[in-house]
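Chains A and B supply the protein sequences, listed in that same order. The first sequence runs 9 to 292 under the working numbering. The second sequence runs 64 to 945 under the working numbering.
Among the clues, some could well be false.
As the list claims (entries may be wrong) - Where chain B lies over chain A, by a calculated footprint (3+ residues, C-beta under 8 Å):
{"id": "1", "region": "53 to 67"}
{"id": "2", "region": "80 to 87"}
{"id": "3", "region": "102 to 111"}
{"id": "4", "region": "133 to 141"}
{"id": "5", "region": "190 to 197"}
No lab work stands behind these hints: they were computed from the structure. Keep in mind that this is a model prediction, so the values were computed, not measured. For glycine and all other residues, C-beta sits at the position ideal for the given N, C-alpha and C.
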Amino acid sequence: MPEPKGFFTDTTVCIGCKACQVACHQWNDLPAGHGRSRSELPVLSGNSYDNTGSFSDVNWRHVKFIEQPLTQGPNRVAWLMMSDVCKHCVNAPCLEVCPTGAILRTEFDSVFISEPACNGCRDCVSACPFGVIHMSESRGVAQKCTLCYDRLKNEMVPACAQACPTNSIQFDTIANLKRRAEQRVSQLHREGVRAAHLYGADDKVLGGLNSFYLLVDKPEVYGLPSNPKVPSRSVVQSSFWGIMTAIMTGLGMLFAFRSRTTRSPLDRAETQKPAAGAKERPIT
Amino acid sequence: MPGLGTSYGRGGATTFAADLQHSDAILIMGSNMAECHPVAFRWVMKAKARDPNPCKLIHADPRFTRTSAMANTYAPVRAGSDIVFLGALIHHMVDQYERILAKPEAERDARDKFFLDYLIHYTNSASIITEDFRDTEDNDGVFSGFQPAQRRYDASKWRYETDPRDAASAAAPETFTTAVVSLVGPPAHQDPTLTHERCVFRILKKHFQRYTAQMVEEVCGTAQSTFQEVAHTLWSNSGPDRTSAICYAVGWTQHTTGVQMIRAAAVLQLLLGNIGRPGGGILALRGHATIQGSTDIATLYNLHPGYLNTPSALKRHDTLLDYIRAETSATSYWSNFPKFIVSQLKAWFGDAATAANSYAYDFLPKIVGDHSHMPMMVAMARGDMDGFFAMGQNPAVGGQNAGFQRKALAKLKWLVVRDLYETETASFWKDSPEVQSGELVPREIQTEVFFLPAAAVAEMDGSFTNTQRLVQWHEKAVDPPEDARSDIWFTVHLGRRLKELYRESPLERDRPIQSLVWIYVNEAANREWRIKDEPSAELILKEINGYTWTPGRPLEGAPAASFADLKDDGTTACGAWIYTGIYAGGRNQAANRRGDDWVSLGWGFSWPANRRLMYNRASADLAGNPWPKEARLAREHPRAGRALPGFVYWDAAQNRWMGLDVPDFPPTKRPSAPAQPRGVGLDYHDGASPFIMKGDGKGWLYVPAGLVDGPLPTHYEPYESPVQNTVYRQQNNPVTILYNVPGNPYAPVGSREFPHVLSTYRLTEHHLSGTMSRWLPWLAELQPELFCELSPEHAGEIGVENTGWVVISTPRGSIRAKALVTRRIQPFRLRERTVHHVGLPWHWGYKGVSTGDVVNNLSALVGDPNVNIHEAKVFVCDVRKG
Chain A
9 MPEPKGFFTD TTVCIGCKAC QVACHQWNDL PAGHGRSRSE LPVLSGNSYD NTGSFSDVNW
69 RHVKFIEQPL TQGPNRVAWL MMSDVCKHCV NAPCLEVCPT GAILRTEFDS VFISEPACNG
129 CRDCVSACPF GVIHMSESRG VAQKCTLCYD RLKNEMVPAC AQACPTNSIQ FDTIANLKRR
189 AEQRVSQLHR EGVRAAHLYG ADDKVLGGLN SFYLLVDKPE VYGLPSNPKV PSRSVVQSSF
249 WGIMTAIMTG LGMLFAFRSR TTRSPLDRAE TQKPAAGAKE RPIT
Chain B
64 MPGLGTSYGR GGATTFAADL QHSDAILIMG SNMAECHPVA FRWVMKAKAR DPNPCKLIHA
124 DPRFTRTSAM ANTYAPVRAG SDIVFLGALI HHMVDQYERI LAKPEAERDA RDKFFLDYLI
184 HYTNSASIIT EDFRDTEDND GVFSGFQPAQ RRYDASKWRY ETDPRDAASA AAPETFTTAV
244 VSLVGPPAHQ DPTLTHERCV FRILKKHFQR YTAQMVEEVC GTAQSTFQEV AHTLWSNSGP
304 DRTSAICYAV GWTQHTTGVQ MIRAAAVLQL LLGNIGRPGG GILALRGHAT IQGSTDIATL
364 YNLHPGYLNT PSALKRHDTL LDYIRAETSA TSYWSNFPKF IVSQLKAWFG DAATAANSYA
424 YDFLPKIVGD HSHMPMMVAM ARGDMDGFFA MGQNPAVGGQ NAGFQRKALA KLKWLVVRDL
484 YETETASFWK DSPEVQSGEL VPREIQTEVF FLPAAAVAEM DGSFTNTQRL VQWHEKAVDP
544 PEDARSDIWF TVHLGRRLKE LYRESPLERD RPIQSLVWIY VNEAANREWR IKDEPSAELI
604 LKEINGYTWT PGRPLEGAPA ASFADLKDDG TTACGAWIYT GIYAGGRNQA ANRRGDDWVS
664 LGWGFSWPAN RRLMYNRASA DLAGNPWPKE ARLAREHPRA GRALPGFVYW DAAQNRWMGL
724 DVPDFPPTKR PSAPAQPRGV GLDYHDGASP FIMKGDGKGW LYVPAGLVDG PLPTHYEPYE
784 SPVQNTVYRQ QNNPVTILYN VPGNPYAPVG SREFPHVLST YRLTEHHLSG TMSRWLPWLA
844 ELQPELFCEL SPEHAGEIGV ENTGWVVIST PRGSIRAKAL VTRRIQPFRL RERTVHHVGL
904 PWHWGYKGVS TGDVVNNLSA LVGDPNVNIH EAKVFVCDVR KG
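Produce the entire structure from the sequences given, and follow the hints as far as they go.
Structure, rendered in structure tokens:
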């Protein structure tokens with residue numbers, strides 16, 4: 009059994025080149041485009057240099073650009089960049105809510121959607137607090153980063169990490185990554201970057217994220233929830249399980265049915281967070 | 064290229080990208096390195112993330128870019144005011160030297176001694192300049208020798224002061240060798256105490272005295288505190304145990320003072336003792352994947368491969384001997400010039416090149432003027448040209464004043480475009496803005512356009528020479544589709560067909576094409592491919608490398624191992640001497656793939672002679688011992704399990720120069736070797752002169768010969784500027800190349816109609832005119848539309864909102880774009896007024912998946928006097944809501 013593997017993304021060295029996005033598209037043979045018509049390119053978003061906007065069924069990587077007005081110090085603006093991806097959570101809400109068992113934990117401790125087993129119920133879409141999972145409209149199955157499972161099986165590094173020119177996206181065993189990340193944080197603290205901290209490296213966020221980040225501002229600034237909630241099923245790990253099975257199954261079916269037709273409040277709140285955040289900080 | 068060339072001897076980047084990992088400070092200016100060179104930028108980030116002792120990163124630029132976002136210090140500098148900023152840095156460093164010189168010798172520490180040794184021995188600071196020289200400070204903003212009527216300088220007024228030449232040396236030479244010997248002249252007078260008022264150091268000090276921190280604030284719009292921080296960072300991170308690097312790109316070259324901006328950086332790095340040393344140097348970041356290669360194996364009209372000047376009807380180039388006498392610098396490595404040109408003629412004309420016919424020198428056409436891109440397009444617009452090949456070039460989008468250039472294309476009889484897609488140049492006759500507006504009518508255009516599909520890089524063998532002079536081979540992976548062919552295939556087969564047409568001609572004038580060695584197709588090597596008549600890129604590489612000439616059997620002799628093997632008697636053939644060694648031992652060294660974590664001598668081949676860091680003699684002290692920083696790095700990077708004492712150093716036991724890099728110095732010349740005043744070539748230099756391509760072996764703080772617009776950098780405003788020059792009465796570079804032709808109007812200084820400064824630039828997501836990115840949806844979606852970056856203040860003044868449409872106008876044209884309103888753009892508050900900066904990426908055109916207006920419709924034909932490069936980084940415009 010291989011050790012758990014994943015990403016450490018050091019946002020302080022991300023130059024926003026989007027090579028990771030292009031490498032992801034190329035390796036996974038995903039089409040360009042956004043919205044209903046695949047042949048149509050997005051229009052200029054006006055949101056800094058981010059024109060793909062969010063994750064989608066074909067955007068498994070997404071580089072965010074955050075322009076922050078500054079009133080103190082020599083510069084009048086700070087420009088944060090961050091390449092976002094599936095967090096491959098240790099307690100993955102998507103995996104827990106999946107009714108068909110299509111979402112699996114691999115031998116690398118990554119979270120993987122097995123397409124043949126996916127019935128297109130969208131529970132995982134609602135469950136993900138990061139807005140990572142999207143439905144493929146053409147094929148009716150849930151889509152997200154696979155941590156390049158096919159490359160890992162062949163002892164290759166995921167395409168995005170391979171393409172990253174500045175080593176902002178690092179791929180390794182989680183243990184190695186944590187060690188390096190902690191060293192980097194302490195270095196930045198010594199250099200006076202007091203705000204540098206890790207997000208998801210410990211077990212406070214969903215039991216730990218196998219894709220964790222070094223940030224220099226609050227998680228919300230990057231469109232990341234500070235304290236994401238684990239959805240229903242994970243809290244119902246109790247001694248009532250046997251007694252409540254029948255009731256829970258009924259409720260669960262009802263819930264699944266509802267979420268197919270309307271998106272849950274949780275989903276709406278979480279997936280729209282980045283956009284709302286951008287509005288609160290108009291780039292002008 | 065002449066900026067670095069006249070300063071150090073070679074026009075290429077002095078260092079390599081991976082070496083930046085060892086810089087203690089890096090100044091990026093005239094470049095948006097993170098966006099435009101993201102792969103090389105990895106080494107910058109590695110240096111900045113170094114623990115302990117992180118590198119200090121400084122970005123000076125008019126716009127806050129992805130590079131600025133990574134910097135420790137961002138210095139906003141108004142476009143076109145770079146020489147004021149750099150001049151004030153030079154002033155600051157000169158003051159540090161004055162402080163050191165004022166100390167009694169006993170009180171000088173190791174750091175002081177380093178700076179003085181480097182300045183006095185490795186630069187021309189002590190050389191004395193002729194009495195004819197008058198500086199801009201004494202001459203109302205121009206140098207002596209200025210001829211206003213001709214708008215040119217007589218550069219003979221800037222020379223070194225020397226003893227008179229011997230009369231004997233003027234005797235008529237008989238051989239190439241005696242010709243070179245006769246060219247050796249007396250050395251410049253020296254004052255190592257640096258007190259003579261006409262020594263270079265004193266002239267430099269006086270020239271830059273007026274460039275102060277206050278001037279930086281008033282002319283560049285940079286806060287004095289920010290400037291002081293930059294000055295302090297560079298000075299404190301240079302010296303015996305620290306080095307700083309400078310990176311620049313087209314943000315410096317594309318100015319009417321561009322060469323002098325690079326010169327200013329070159330002066331600064333010499334004063335800081337950073338040239339020839341690891342972690343130091345100047346990294347000239349080139350635009351395309353092989354733009355360095357395209358000047359090395361020259362696509363420029365005035366250079367033969369290997370930087371040999373093209374014979375010119377305007378110079379004394381009548382015979383080969385005349386040409387050699389005019390072009391040879393006898394007291395540098397260029398004393399070997401006769402070997403380079405004779406071997407080149409032999410490579411090209413083979414058995415037809417004999418001693419009796421001066422190696423077919425008369426076969427070479429001579430240039431009769433400036434035939435570079437802009438004059439060529441002006442000639443085309445006049446109707447003086449019949450035909451034009453556009454290969455890997457898209458002037459309908461990338462050309463300055465692109466509307467002018469598209470209309471010029473309509474004056475041709477024929478146009479050949481070879482590219483991956485039908486570019487805007489290929490389709491100008493049917494869908495250009497001029498056709499839309501009715502200015503051009505397709506049925507009236509007589510130009511016959513041939514569009515030929517080109518092969519992509521993975522479909523052919525070949526090489527790239529990248530920004531750091533590194534030649535890397537790439538191998539063909541698949542056949543190109545259908546009729547698409549490689550550039551080599553097209554050129555070689557075009558040549559074969561032309562030779563066939565002229566085969567029977569009895570005319571003397573057709574002998575050059577009949578004699579041309581042109582045998583590059585080796586069908587046996589193409590057995591596994593569909594295309595059997597693909598020429599062999601390796602055979603061409605062998606010709607470039609050079610080989611022993613065997614009569615009647617071109618390309619068959621043994622490959623030369625180094626340029627020291629080349630001869631001037633017709634026994635060797637060599638296409639480009641600087642690349643010699645790339646095919647040493649009959650093996651393609653450019654295909655080498657043994658890299659390591661730093662110098663990587665086993666990865667590819669770097670000209671000259673696989674040296675990675677040029678002028679590396681300067682990485683050791685006068686006695687040849689490594690400086691402390693070099694000693695430390697060598698300890699940290701053992702080679703083959705053994706720690707060497709330094710980067711490049713004199714090994715007294717073995718009596719030779721050794722090190723981690725290939726020494727850029729005669730291998731067995733002692734550090735203590737005296738200069739021989741009558742010596743030819745490198746014998747003329749002493750053992751402590753690292754700049755072997757310069758006639759005196761020194762780095763040139765002051766350029767006594769080789770530039771047309773002055774020996775020292777001087778601030779002039781861009782040709783189109785919103786403000787008067789407040790530094791001198793002379794408004795702009797007095798020898799700027801102007802094109803006062805119909806269709807190329809300029810805005811007057813301080814124009815009310817066009818009050819804003821405009822820069823064009825590139826984005827990470829696109830490549831140049833977009834031919835390799837706007838057709839590719841994966842890239843096009845990342846920046847799907849043309850935009851115009853405006854500051855919130857500017858947008859507020861004209862009532863434009865983010866993503867709203869604006870119309871941008873210059874005297875040459877108008878375009879529409881969406882506004883991207885951002886605080887990353889800032890107005891510049893100068894002494895007299897506030898200037899708005901407008902930014903436009905220039906990747907868009909009317910073909911491809913992502914289309915948009917052509918930004919170069921706005922730019923002007925106007926040129927730097929040294930190299931005739933345009934001024935796309937700064938001109939003036941108006942912006943309105945649209």
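Count residues of the region 190 to 197 of chain A with a Cβ under 8 Å from any Cβ of chain B, then say if the count reaches three.
With 3 residues closer than 8 Å to chain B, the region 190 to 197 of chain A meets the three-residue bar; holds.
For the region 102 to 111 of chain A, do at least 3 residues have a Cβ located nearer than 8 Å to some Cβ of chain B?
Coverage by chain B is violated for the region 102 to 111 of chain A (0 residues, Cβ < 8 Å).
Within the region 133 to 141 of chain A, is the number of residues with a Cβ closer than 8 Å to a Cβ of chain B three or more?
That given contact is violated, which follows from only 0 residues of the region 133 to 141 of chain A lying within Cβ reach (below 8 Å) of chain B.
For the region 53 to 67 of chain A, do at least 3 residues have a Cβ located nearer than 8 Å to some Cβ of chain B?
holds (count 6)
Go check the region 80 to 87 of chain A versus chain B for me, would you? Three or more residues, Cβ under 8 Å, otherwise it fails.
holds (count 6)
Violated hints for the displayed structure, listed by number in ascending order: 3 and 4.
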